[in-house]
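All chains, please: the whole structure from these sequences, using the hints.
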Amino acid sequence: MHAEKLGHWLGIIANFSVLVGVYFLVLEIRAGEESNSIGIQQAYTSNSIQISTLRMSDEFASILEKGDLGQELSSIEKRKLDGLIDIHLAQVNFMRRLYQRGIATEEEFIAGGFVLKRLAQNLAVREQILLRNDRAQQFALEENGIERFIQEFNGSK
Numbered sequence: 001m002h003a004e005k006l007g008h009w010l011g012i013i014a015n016f017s018v019l020v021g022v023y024f025l026v027l028e029i030r031a032g033e034e035s036n037s038i039g040i041q042q043a044y045t046s047n048s049i050q051i052s053t054l055r056m057s058d059e060f061a062s063i064l065e066k067g068d069l070g071q072e073l074s075s076i077e078k079r080k081l082d083g084l085i086d087i088h089l090a091q092v093n094f095m096r097r098l099y100q101r102g103i104a105t106e107e108e109f110i111a112g113g114f115v116l117k118r119l120a121q122n123l124a125v126r127e128q129i130l131l132r133n134d135r136a137q138q139f140a141l142e143e144n145g146i147e148r149f150i151q152e153f154n155g156s157k
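The numbers in this note's numbering rise by one with no breaks, and the one at position 76 of the sequence shown is 76.
There could be a bad hint or two in this list.
Calculated cross-link-like contacts (lysine-lysine; reagent style DSSO-like; alpha-carbon spacing at most 27 Å) [said to hold, decoys possible]:
{"#": "1", "residue 1": "Lys66", "residue 2": "Lys78"}
{"#": "2", "residue 1": "Lys66", "residue 2": "Lys5"}
{"#": "3", "residue 1": "Lys80", "residue 2": "Lys117"}
Bear in mind the hints are in silico, worked out from the structure with no lab data behind them.
Right, here's the structure in full:
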């Protein structure tokens with residue numbers, strides 16, 4: 001009888017210990033998610049600053065100005081502009097992948113595409129984006145291209 005009572009109490013203590021362990025595990029997961037979110041925001045911000053610095057350089061400013069004026073770009077200027085577009089598309093695709101994995105919010109994804117959309121208002125940039133794939137055109141040129149992608153993605157779940 002005494003051993004039976006002791007076994008009962010040991011079972012209760014063991015079950016309680018499991019519950020406490022699960023509680024601490026949940027706390028650790030939440031802390032990890034918050035840390036991931038902060039790291040993602042820092043990486044995105046750092047990339048955005050580097051992209052903005054590149055765009056503001058004299059070299060790219062003159063290329064973008066020629067594009068705004070509708071002037072013909074040299075083949076070298078087109079290649080440089082292509083590189084700048086690649087960087088912007090990589091940033092948007094980074095946010096797309098984070099959104100698809102449930103890490104970035106819709107608002108973060110949409111904001112990530114804002115700079116690309118603004119850049120695509122430049123005639124030379126628009127011309128280069130029209131040579132890209134459908135997804136790049138959707139994100140850069142369509143009025144609500146990213147929002148449409150979000151709706152399609154959420155509808156396919």
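So, going through the hints one by one against the coordinates:
no. : hint           : result
1   : Lys66 x Lys78  : holds (11 Å)
2   : Lys66 x Lys5   : violated (87 Å)
3   : Lys80 x Lys117 : holds (18 Å)
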